[in-house]
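Q: Below are the chains, spelled out letter by letter.
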Amino acid sequence: MSIKGLGKSILITLPALFLFACSGSDTDTTPATTDSQTTTQPQVPTGPTQAELEAQANAKMREVRTVYFEFDDSTVKSEYQDLLKAHAWYLSKNPAVQVVVEGHCDERGTPEYNLALGERRGNSVRDILMSYGVTSAQIKVVSYGEENPANPAHNESAWEENRRAFLKYEG
Amino acid sequence: MMKSIATFFLSCCLIASVRADIDIDIIIEEGMSMARPVAVVPFNFSGTSARPPHDFSAIIANDLRRSGRFNPMAYNEMPELPTDYRQVEISKWKERGIEAVVVGSVEEISQDQFRIQYQLIDVFKPQAGISAEQSLLLNKAASTNTRSFRFVAHQVADDIYEALTGIKGAFATRIAYVTVDRSLATPYQLVMADSDGYNRISLFSSEEALMSPVWSPDGKSIAYVSFENGRSEIYLQQITGQRTMIAAFPGINSAPAFSPDGRKLALTLSKDGNAEIYVLDLVTRQFRRLTNTGPNVIDTEPEFSPDGQWILFTSDRGLRPQIYRVSVHGGRAERITFEGEYNASASYTPDGKSIILVNRTDGVYHIAKQDVETGTLQILTDTMLDESPSLAPNGTMVIYATIQNGRQVLAQVSTDGRFKIRLPAKQGEVKAPAWSPYLIQ
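Just so you know, the sequences run in chain order A and B. Here the first sequence is numbered in the numbering used here, starting from 34 and rising by one per residue. Here the second sequence is numbered in the numbering used here, starting from 12 and rising by one per residue.
Mixed in with the good hints there might be a few duds.
[Stated by the list, open to error] Quick partial rundown of chain B residues pointing at chain A, CB under 10 Å, derived from the structure:
| hint | residue |
| --- | --- |
| 1 | Leu221 |
| 2 | Ser223 |
| 3 | Arg242 |
| 4 | Gly284 |
| 5 | Gly305 |
| 6 | Gln320 |
| 7 | Trp321 |
| 8 | Pro332 |
| 9 | Met395 |
| 10 | Ser399 |
| 11 | Lys442 |
[Unchecked claim] Simulated pairs of lysine to aspartate or glutamate, DMTMM-like, Cα-Cα distance not exceeding 20 Å:
| hint | chain 1 | residue 1 | chain 2 | residue 2 |
| --- | --- | --- | --- | --- |
| 12 | B | Lys282 | A | Asp160 |
| 13 | B | Lys103 | B | Glu144 |
| 14 | B | Lys231 | B | Asp272 |
| 15 | A | Lys201 | B | Glu218 |
| 16 | B | Lys275 | B | Asp229 |
| 17 | B | Lys151 | B | Glu118 |
| 18 | B | Lys105 | B | Glu144 |
| 19 | B | Lys179 | B | Glu239 |
| 20 | A | Lys201 | B | Glu219 |
| 21 | A | Lys173 | A | Glu203 |
| 22 | B | Lys136 | B | Glu100 |
| 23 | B | Lys275 | B | Glu244 |
| 24 | B | Lys282 | B | Asp292 |
| 25 | B | Lys364 | B | Glu384 |
| 26 | A | Lys126 | A | Glu85 |
| 27 | A | Lys173 | B | Glu239 |
| 28 | A | Lys173 | B | Asp292 |
| 29 | A | Lys93 | A | Glu203 |
| 30 | A | Lys201 | B | Glu239 |
| 31 | B | Lys282 | B | Glu239 |
| 32 | A | Lys173 | B | Glu244 |
| 33 | A | Lys173 | B | Glu219 |
| 34 | B | Lys105 | B | Glu88 |
| 35 | A | Lys110 | A | Glu194 |
[To be verified] Covered stretches of chain A, as calculated for chain B (at least 3 residues, CB under 8 Å):
| hint | segment |
| --- | --- |
| 36 | 144–155 |
| 37 | 171–185 |
These are computed hints drawn from the structure, not numbers from a lab. Think of the CB as a built atom: it goes at the ideal place given N, C-alpha and C, for glycine as much as any other residue.
Take these sequences, add in the hints, and give me the full structure.
A: Following this line, the structure appears as structure tokens:
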């Protein structure tokens, strides 16, 4: 199985986890007082809080940090919306965290055009993160064009792995 | 299809250390059937050393062979081995169909000083009553030392080529390129070598990618893109080593191209949002934005016309990348390519009559030539994933990068598409070739 295929299978299971985390956070925010009430109750040994569960689910989901693209295309496929939502959720909760969105291309086409195409792919990912509330100050887009292939082979399956945007956390 | 290995040294004076110092072999792939038969007779050597630093006549013969226009005769097939035109028996060469004969000598006149004499003889010119002198196309002398020995041999080859074709030779030139060897601590190297692959010099090596080298018109420096600081930045480096940063704006800094007078550098920056063409005045260091295409469009790969009045560039404003032309003063850009789904990396031939570019038709990338007047497109190559074409300064050959046997290598094709050379790498991958202008040394 290619790296790309692996990414997909993780994606199938993870959105469910994340949706759970999201709905949890929705109900959680309504009565802010319930939290302090529960602490007064006699305690069975405490498990993780709702917030911790959310963070764990989110961290699990954010283990996937690569978005793959179609040939000669910089549109983020709909299947990556939930993944990027998870990253955006984390970034908006941690405004001190910076992310570098690395844009990459396969080797087909000219290196100079691909350097610009890689940036356009990075920008597509940036725009989606920002649509979920991440500030532009937290995101830097860096294009590597076709210069840093994930797989340096010269064939179709390598090209699939190389057409990507990668989310690299800093700080 | 004719295949033959053009070995650099036909004679026995093969110097191992020099041989090991080249990245590439040269394999003639196709087109030798068009080549004119000539002979470069081994030059006589006299001096206190056992042998000259290099085989002078072999350098000439290999240059002529690599041009695709000539097929120099093998030494062991030669009917005689004269070293001066007065010793040449024209009839012996004529009956073997040889059109021209080069004879000469290398004389070591003092420590590390050599005097070269040579003559080029037109075999079919002499009629009854014409003296040997009148059949001479060239009768010249030159002096050199060990360091410049090969360069002077290339210059002699240039003179012979010009005398026989009417076109200025481009053998006494250099090629810059990028090598990638992932087994090294610094996998990326910017390399400069003579046009035949010799005298390889690494100008810069890096852990991070290097891209897009181009020569300044005086042949003394190279502009290129380096990722040494984690993103694309443009540097200008003299071949003697001195290095300055040219552009490191937010976003991409890409695709440098010198104006013919060497005073300006066109480049691609995305600091204002999307990739657009800018012109940097290298004297005042002022940047001027040339295109203003707007959000999400890519304008890149600028290249000046030979008269310096126009800039060709690649733009996907019409969805697919195509070549456009804009005045250096700005204004409306005009689309000039219409064949195929993708045209990029365009440059004018030195006469301004054609454009060399990368064309994609039905998903296949080849180097192509488009006639400026008629718009007719001719595919020149039949290799795989061809890119980064760079023209010899005389416009006769294109060097480019391609994939062969699962590796990126360099290759050459004549601008008429007839003659093809492969330049397989000894190790790692080779890409981004840039042919120097004519050099004076």
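Q: For the restraint on proline 332/B, tell me whether the closest CB of chain A is nearer than 10 Å.
A: holds (6 Å)
Q: Hey, lysine 282/B versus aspartate 292/B, does the alpha-carbon distance stay inside 20 Å?
A: holds (18 Å)
Q: Between lysine 173/A and glutamate 219/B, is the straight-line Cα distance small enough, at 20 Å or below?
A: holds (19 Å)
Q: Minimum Cβ distance from lysine 442/B to chain A below 10 Å?
A: holds (8 Å)
Q: Between lysine 201/A and glutamate 239/B, is the straight-line Cα distance small enough, at 20 Å or below?
A: Answer holds: lysine 201/A to glutamate 239/B is near 18 Å, not above 20 Å.
Q: Hold the hint about serine 223/B up to the distance rule: shortest CB distance to chain A must be less than 10 Å.
A: Holds: closest Cβ of chain A sits about 6 Å from serine 223/B, inside 10 Å.
Q: Under the criterion that the straight-line Cα-Cα distance not exceed 20 Å, is the pair lysine 275/B, glutamate 244/B satisfied?
A: Satisfied, since the Cα-Cα distance of roughly 17 Å is no more than 20 Å.
Q: Hey, does the serine 399/B contact hint survive, CB to chain A under 10 Å?
A: holds (7 Å)
Q: Keeping to a limit of 20 Å between CA atoms, is the pair of lysine 179/B and glutamate 239/B held or broken?
A: Violated, at roughly 39 Å.
Q: Next pair to validate is lysine 201/A with glutamate 219/B; report whether the Cα-Cα distance is within 20 Å.
A: holds (17 Å)
Q: Decide if the proposed pair is consistent with the structure: lysine 136/B and glutamate 100/B, CA atoms, cutoff 20 Å inclusive.
A: The given pair, whose Cα atoms are some 13 Å apart, holds under the 20 Å limit.
Q: So if I understand the rule, the pair passes when the alpha-carbon distance is 20 Å or less; does lysine 105/B with glutamate 144/B pass?
A: holds (17 Å)
Hints 5, 6, 7, 19, 28 from the earlier list are contradicted by this structure; the remaining hints agree with it.
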